[in-house]
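**Q** The listed protein sequences correspond, in order, to chains A and B.
The opening position of the first sequence corresponds to residue 204 in this note's numbering, with each subsequent residue numbered one higher.
The opening position of the second sequence corresponds to residue 204 in this note's numbering, with each subsequent residue numbered one higher.
The hints are simulated quantities; they were obtained by calculation from the structure and are not laboratory data.
Here the structure is a predicted model, which means the values were calculated and not measured.
Where hints are given, some of them may not hold.
Same chains, same label: a pair holds when it works inside one copy or across any pair of copies.
Straight-line C-alpha distance at most 25 Å; calculated DSS-like pairs for lysine-lysine [unchecked claim]:
hint: 1; residue 1: Lys-554; residue 2: Lys-452
hint: 2; residue 1: Lys-682; residue 2: Lys-400
hint: 3; residue 1: Lys-554; residue 2: Lys-443
hint: 4; residue 1: Lys-308; residue 2: Lys-273
hint: 5; residue 1: Lys-273; residue 2: Lys-649
hint: 6; residue 1: Lys-649; residue 2: Lys-267
hint: 7; residue 1: Lys-736; residue 2: Lys-690
hint: 8; residue 1: Lys-267; residue 2: Lys-682
hint: 9; residue 1: Lys-339; residue 2: Lys-267
hint: 10; residue 1: Lys-452; residue 2: Lys-565
hint: 11; residue 1: Lys-584; residue 2: Lys-353
hint: 12; residue 1: Lys-584; residue 2: Lys-273
hint: 13; residue 1: Lys-649; residue 2: Lys-262
hint: 14; residue 1: Lys-480; residue 2: Lys-736
hint: 15; residue 1: Lys-584; residue 2: Lys-554
hint: 16; residue 1: Lys-620; residue 2: Lys-584
hint: 17; residue 1: Lys-339; residue 2: Lys-355
hint: 18; residue 1: Lys-452; residue 2: Lys-285
hint: 19; residue 1: Lys-353; residue 2: Lys-273
Protein chains: 2
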Amino acid sequence: MTSKTGATGVSEGEQVKSKSQLKKEEKLAAKAIKKEQFKTMNKTNTNDQESGEDISVGKYGVLKMIQSSKSVVSDRVFVDVKNIMTILADNSVWIRGRLHTSRAKGKQCFMVVRQQQWSIQVLAVVSDTISKQFVKFCSNINKESIVDIKGKVTRTPSKIGSCSQQDVELHIEELWVVSQSANQLPLLIEDASRPVKGDDDEDQGLNIKVNQDTRLDNRVIDLRTPANQAIFRLEAGVCKIFRDLLTAKGFVEIHTPKMINAASEGGANVFTISYFKGSAYLAQSPQLYKQMAIAGDFDRVFTIGAVFRAEDSNTYRHLTEFVGLDLEMAFKYHYHEVVDVIGSLFTNIFKGLRDNYQSEIKTICEQYPVEPFKFLDPPLKLEFPTAVNMLREAGVEMGDEDDLSTPNEKLLGRLVKAKYDTDFYILDKFPLAIRPFYTMPDPDSKVASNSYDMFMRGEEILSGAQRIHDFDYLIERAKHHQVDIEKIAAYIDAFRYGCPPHAGGGIGLERVVMLYLGLDNIRKVSMFPRDPKRLTP
Amino acid sequence: MTSKTGATGVSEGEQVKSKSQLKKEEKLAAKAIKKEQFKTMNKTNTNDQESGEDISVGKYGVLKMIQSSKSVVSDRVFVDVKNIMTILADNSVWIRGRLHTSRAKGKQCFMVVRQQQWSIQVLAVVSDTISKQFVKFCSNINKESIVDIKGKVTRTPSKIGSCSQQDVELHIEELWVVSQSANQLPLLIEDASRPVKGDDDEDQGLNIKVNQDTRLDNRVIDLRTPANQAIFRLEAGVCKIFRDLLTAKGFVEIHTPKMINAASEGGANVFTISYFKGSAYLAQSPQLYKQMAIAGDFDRVFTIGAVFRAEDSNTYRHLTEFVGLDLEMAFKYHYHEVVDVIGSLFTNIFKGLRDNYQSEIKTICEQYPVEPFKFLDPPLKLEFPTAVNMLREAGVEMGDEDDLSTPNEKLLGRLVKAKYDTDFYILDKFPLAIRPFYTMPDPDSKVASNSYDMFMRGEEILSGAQRIHDFDYLIERAKHHQVDIEKIAAYIDAFRYGCPPHAGGGIGLERVVMLYLGLDNIRKVSMFPRDPKRLTP
Numbered sequence: 204m205t206s207k208t209g210a211t212g213v214s215e216g217e218q219v220k221s222k223s224q225l226k227k228e229e230k231l232a233a234k235a236i237k238k239e240q241f242k243t244m245n246k247t248n249t250n251d252q253e254s255g256e257d258i259s260v261g262k263y264g265v266l267k268m269i270q271s272s273k274s275v276v277s278d279r280v281f282v283d284v285k286n287i288m289t290i291l292a293d294n295s296v297w298i299r300g301r302l303h304t305s306r307a308k309g310k311q312c313f314m315v316v317r318q319q320q321w322s323i324q325v326l327a328v329v330s331d332t333i334s335k336q337f338v339k340f341c342s343n344i345n346k347e348s349i350v351d352i353k354g355k356v357t358r359t360p361s362k363i364g365s366c367s368q369q370d371v372e373l374h375i376e377e378l379w380v381v382s383q384s385a386n387q388l389p390l391l392i393e394d395a396s397r398p399v400k401g402d403d404d405e406d407q408g409l410n411i412k413v414n415q416d417t418r419l420d421n422r423v424i425d426l427r428t429p430a431n432q433a434i435f436r437l438e439a440g441v442c443k444i445f446r447d448l449l450t451a452k453g454f455v456e457i458h459t460p461k462m463i464n465a466a467s468e469g470g471a472n473v474f475t476i477s478y479f480k481g482s483a484y485l486a487q488s489p490q491l492y493k494q495m496a497i498a499g500d501f502d503r504v505f506t507i508g509a510v511f512r513a514e515d516s517n518t519y520r521h522l523t524e525f526v527g528l529d530l531e532m533a534f535k536y537h538y539h540e541v542v543d544v545i546g547s548l549f550t551n552i553f554k555g556l557r558d559n560y561q562s563e564i565k566t567i568c569e570q571y572p573v574e575p576f577k578f579l580d581p582p583l584k585l586e587f588p589t590a591v592n593m594l595r596e597a598g599v600e601m602g603d604e605d606d607l608s609t610p611n612e613k614l615l616g617r618l619v620k621a622k623y624d625t626d627f628y629i630l631d632k633f634p635l636a637i638r639p640f641y642t643m644p645d646p647d648s649k650v651a652s653n654s655y656d657m658f659m660r661g662e663e664i665l666s667g668a669q670r671i672h673d674f675d676y677l678i679e680r681a682k683h684h685q686v687d688i689e690k691i692a693a694y695i696d697a698f699r700y701g702c703p704p705h706a707g708g709g710i711g712l713e714r715v716v717m718l719y720l721g722l723d724n725i726r727k728v729s730m731f732p733r734d735p736k737r738l739t740p
Numbered sequence: 204m205t206s207k208t209g210a211t212g213v214s215e216g217e218q219v220k221s222k223s224q225l226k227k228e229e230k231l232a233a234k235a236i237k238k239e240q241f242k243t244m245n246k247t248n249t250n251d252q253e254s255g256e257d258i259s260v261g262k263y264g265v266l267k268m269i270q271s272s273k274s275v276v277s278d279r280v281f282v283d284v285k286n287i288m289t290i291l292a293d294n295s296v297w298i299r300g301r302l303h304t305s306r307a308k309g310k311q312c313f314m315v316v317r318q319q320q321w322s323i324q325v326l327a328v329v330s331d332t333i334s335k336q337f338v339k340f341c342s343n344i345n346k347e348s349i350v351d352i353k354g355k356v357t358r359t360p361s362k363i364g365s366c367s368q369q370d371v372e373l374h375i376e377e378l379w380v381v382s383q384s385a386n387q388l389p390l391l392i393e394d395a396s397r398p399v400k401g402d403d404d405e406d407q408g409l410n411i412k413v414n415q416d417t418r419l420d421n422r423v424i425d426l427r428t429p430a431n432q433a434i435f436r437l438e439a440g441v442c443k444i445f446r447d448l449l450t451a452k453g454f455v456e457i458h459t460p461k462m463i464n465a466a467s468e469g470g471a472n473v474f475t476i477s478y479f480k481g482s483a484y485l486a487q488s489p490q491l492y493k494q495m496a497i498a499g500d501f502d503r504v505f506t507i508g509a510v511f512r513a514e515d516s517n518t519y520r521h522l523t524e525f526v527g528l529d530l531e532m533a534f535k536y537h538y539h540e541v542v543d544v545i546g547s548l549f550t551n552i553f554k555g556l557r558d559n560y561q562s563e564i565k566t567i568c569e570q571y572p573v574e575p576f577k578f579l580d581p582p583l584k585l586e587f588p589t590a591v592n593m594l595r596e597a598g599v600e601m602g603d604e605d606d607l608s609t610p611n612e613k614l615l616g617r618l619v620k621a622k623y624d625t626d627f628y629i630l631d632k633f634p635l636a637i638r639p640f641y642t643m644p645d646p647d648s649k650v651a652s653n654s655y656d657m658f659m660r661g662e663e664i665l666s667g668a669q670r671i672h673d674f675d676y677l678i679e680r681a682k683h684h685q686v687d688i689e690k691i692a693a694y695i696d697a698f699r700y701g702c703p704p705h706a707g708g709g710i711g712l713e714r715v716v717m718l719y720l721g722l723d724n725i726r727k728v729s730m731f732p733r734d735p736k737r738l739t740p
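Hey, can you work out the whole structure from these sequences and the hints?
**A** The following block contains the structure:
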């Protein structure tokens with residue numbers, strides 16, 4: 204039995220049943236658990252005998268380590284904190300959560316118990332059922348300890364601004380410490396959760412902020428903030444929507460090797476592995492393998508997995524290991540068949556996040572405020588020369604076949620936003636000269652190629668193209684680029700035995716999430732980020 | 204427009220619409236395409252002038268490389284081969300597929316065109332609309348070339364045993380080569396698709412078989428066999444069901460780093476990476492990171508990704524890189540809460556495959572026959588001592604705390620199958636002595652631990668346990684195992700600030716698919732396998 208499946212009493216129809224069921228199950232649970240608790244309780248209460256007999260004996264203490272003993276048979280039903288609402292008023296419920304804060308005040312102890320992004324106030328007051336020792340015990344528990352609490356759901360006279368559950372609190376009946384946290388915390392969740400104000404992210408204002416390295420060094424604590432709980436749920440959502448949509452369109456998920464025998468794309472920025480008596484390399488992209496799957500008749504494939512870049516870039520947007528969402532698709536006559544699939548994929552990701560992750564987005568925005576992400580349906584598609592003209596009109600000097608510099612990319616994002624009111628757009632027809640040898644040239648132009656990038660809030664999040672599927676032409680283009688044919692033999696061979704025309708692209712998951720949320724650093728959206736200076740935790 | 208979304212005329216209701224729509228679209232397509240085809244056609248027909256004027260000019264040839272030219276605007280609707288049935292009789296349809304075989308016979312040419320696991324016969328006969336040159340052209344196309352064919356759907360007098368579409372064939376109207384295959388193929392799809400008979404897999408019988416290294420060296424061709432098309436679709440299905448089920452149960456998908464700073468579990472069998480000026484290692488499992496996510500309050504997590512083992516094992520079931528399906532889950536009182544979730548996960552995977560991948564299973568069994576996979580719902584759960592007794596009764600000598608050897612593991616699988624009629628079971632309560640230091644001891648036993656393996660057809664496919672979540676106890680157990688505490692500091696630190704009790708496990712995707720299908724080698728279910736001797740393609 205888990206907190207997800209327990210009676211929650213949320214839906215109107217279940218209300219009566221939940222109440223009676225809860226009471227019945229509590230009685231059963233009380234009986235079953237009692238024995239174990241009495242065994243363990245003494246060790247916590249012996250220090251606390253100053254004030255004579257303790258009327259709350261057996262109602263609080265440190266629980267023996269939960270080791271799945273046969274003797275502990277509990278039917279206790281736990282309620283999720285997010286589901287404790289006024290509808291449950293006057294019921295006793297059990298919760299398991301973290302002690303977020305506790306504040307002793309005379310004969311009272313105010314606690315906040317946190318469960319992921321939700322929290323509730325718990326009140327312990329000395330009374331004819333709650334002993335002084337019990338209240339003192341509550342106020343001495345280390346923050347971040349995990350506690351089981353039984354309490355009566357009680358309406359509050361006024362809203363509790365500091366908790367997610369603002370209309371109710373729990374009046375304590377039992378409290379057991381399940382897992383104790385160390386006394387000293389390297390960072391406080393309160394500090395790590397504080398809203399960002401002004402431009403200077405972490406160090407602004409009078410309140411304590413937590414710098415990024417402290418967060419990452421203590422990631423298990425940092426991950427507990429409401430914003431982080433929401434960020435990684437939303438990130439999981441992006442992957443889910445990506446897969447569900449492509450699967451519905453007939454794409455097959457594949458898995459591609461990360462250890463490869465030759466450095467793809469020339470050998471720069473690649474990590475080397477000792478492989479038995481030889482060497483191998485970490486794949487910088489699954490592209491060759493996606494294309495082999497197309498040549499192997501899978502028609503439409505996607506893959507989600509780690510990609511590696513040995514770039515010594517210490518910026519807000521570079522990682523040495525990130526998650527690639529890659530797809531490749533055979534088409535009939537025009538690579539725009541593929542561009543349209545990718546474009547609508549993004550539109551649907553944005554819609555899916557907006558419609559199904561509203562609570563996560565709200566939670567994240569409370570700490571990191573940002574303008575909502577805007578997009579058009581169907582998405583805006585511009586051609587490269589149009590972008591060059593827009594930049595020139597804004598005063599930028601650049602040649603027709605120059606690549607977009609990072610500042611120009613961002614400026615273009617602002618110009619596009621101002622003109623079209625969208626944070627997402629597709630830039631098609633990049634100059635052939637700045638794309639890799641396997642990119643299909645545009646047959647209707649002397650300088651363009653059948654390639655495209657896609658952008659979110661002015662930064663590239665996808666790069667893709669029609670690839671050359673013709674064996675002879677691929678060799679011709681490789682020679683033109685002075686690529687050593689022998690070194691790419693395995694790649695070229697994939698096209699020797701017939702291959703349909705195809706196009707695809709690779710998406711950086713972390714960049715999509717960072718830019719969708721308007722966050723300032725990619726490390727905020729990588730659970731355990733890797734950069735040239737960080738390999739831990 | 205793609206073959207997946209085109210009019211297929213399968214459903215009864217759409218029949219009339221499809222027919223008229225098809226004709227209308229064909230006319231449009233014919234107009235649009237004609238221009239391009241005339242341009243390119245000459246180069247193929249010039250060699251074929253022996254017999255005077257060609258009445259089929261403009262109806263066949265090698266298409267110019269599809270380069271997404273603006274001048275080719277086609278509304279041609281392609282039909283999937285699998286959807287060509289008698290209901291479409293007398294309609295002309297377009298298909299794009301591979302020339303599987305062609306056989307010239309006087310004034311006729313019999314072709315089989317293949318599309319993934321489906322195939323159809325195409326007939327070209329010299330007539331008053333089809334020239335001798337056209338038929339000759341057909342018979343000279345290299346096998347495995349990709350062709351666009353327009354043909355009239357025609358009922359066949361008797362079933363065509365060699366094709367998936369047995370009741371219809373296409374009478375050719377047009378044929379265009381989209382992508383030519385090389386003349387010499389390193390292996391033939393016919394040979395690579397031949398059913399296995401007898402015990403000795405590849406080398407049995409009079410017919411040519413293709414050995415495994417030839418297959419893997421030429422994977423883009425090998426992947427085109429019907430069985431391989433089906434295997435990797437089924438493999439994608441396992442991942443999909445795994446994720447869908449766990450997501451529905453509140454699990455969050457996470458991504459864990461593959462590059463780590465310390466070799467997990469002591470440093471044996473780990474690949475070393477050059478990491479800028481230092482070194483890193485490839486993760487042997489995501490376990491630490493899953494556990495950190497639990498300590499970080501994600502409650503239930505899963506991850507699918509590459510795991511690496513630098514074991515020099517050249518067996519049918521070892522890979523140096525494989526796909527791990529990993530999960531970890533906080534529980535309330537007993538790790539069986541987690542075992543039950545994993546058990547029902549497997550039951551649901553087996554049900555999902557049986558119910559939704561019947562066609563794939565059938566296709567695979569045609570080449571690799573096997574007894575259907577049997578399972579119980581809920582799954583069978585045995586305790587380790589029971590297994591020891593069963594083995595002893597079968598004559599095996601072993602101690603109470605000995606691990607299962609591979610032969611004993613397989614024997615036990617046969618004994619379990621004979622007694623319980625299931626190919627899947629859970630073995631719980633492994634001896635503490637043979638499990639890692641972080642495994643939670645069973646508090647009710649002197650020798651057992653809260654750990655389990657799961658088996659399919661007598662081979663282990665999951666290993667898991669309740670992990671020690673208590674900081675002090677973890678150190679105590681590490682010391683007991685003489686593990687250097689300093690080396691695992693990062694791991695131990697994860698439990699310093701409170702952690703709920705939790706358990707989990709890791710599943711080898713390739714093993715699940717291999718054993719579900721009863722295949723004899725794990726390389727058959729890894730699209731691009733990696734072993735000590737293979738890093739290509």
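**Q** Going through the numbered hints above, which ones does this structure break? Give me the numbers in ascending order.
**A** Going through the list in order, the structure violates hints 2, 4, 11 and 13 and respects the others.
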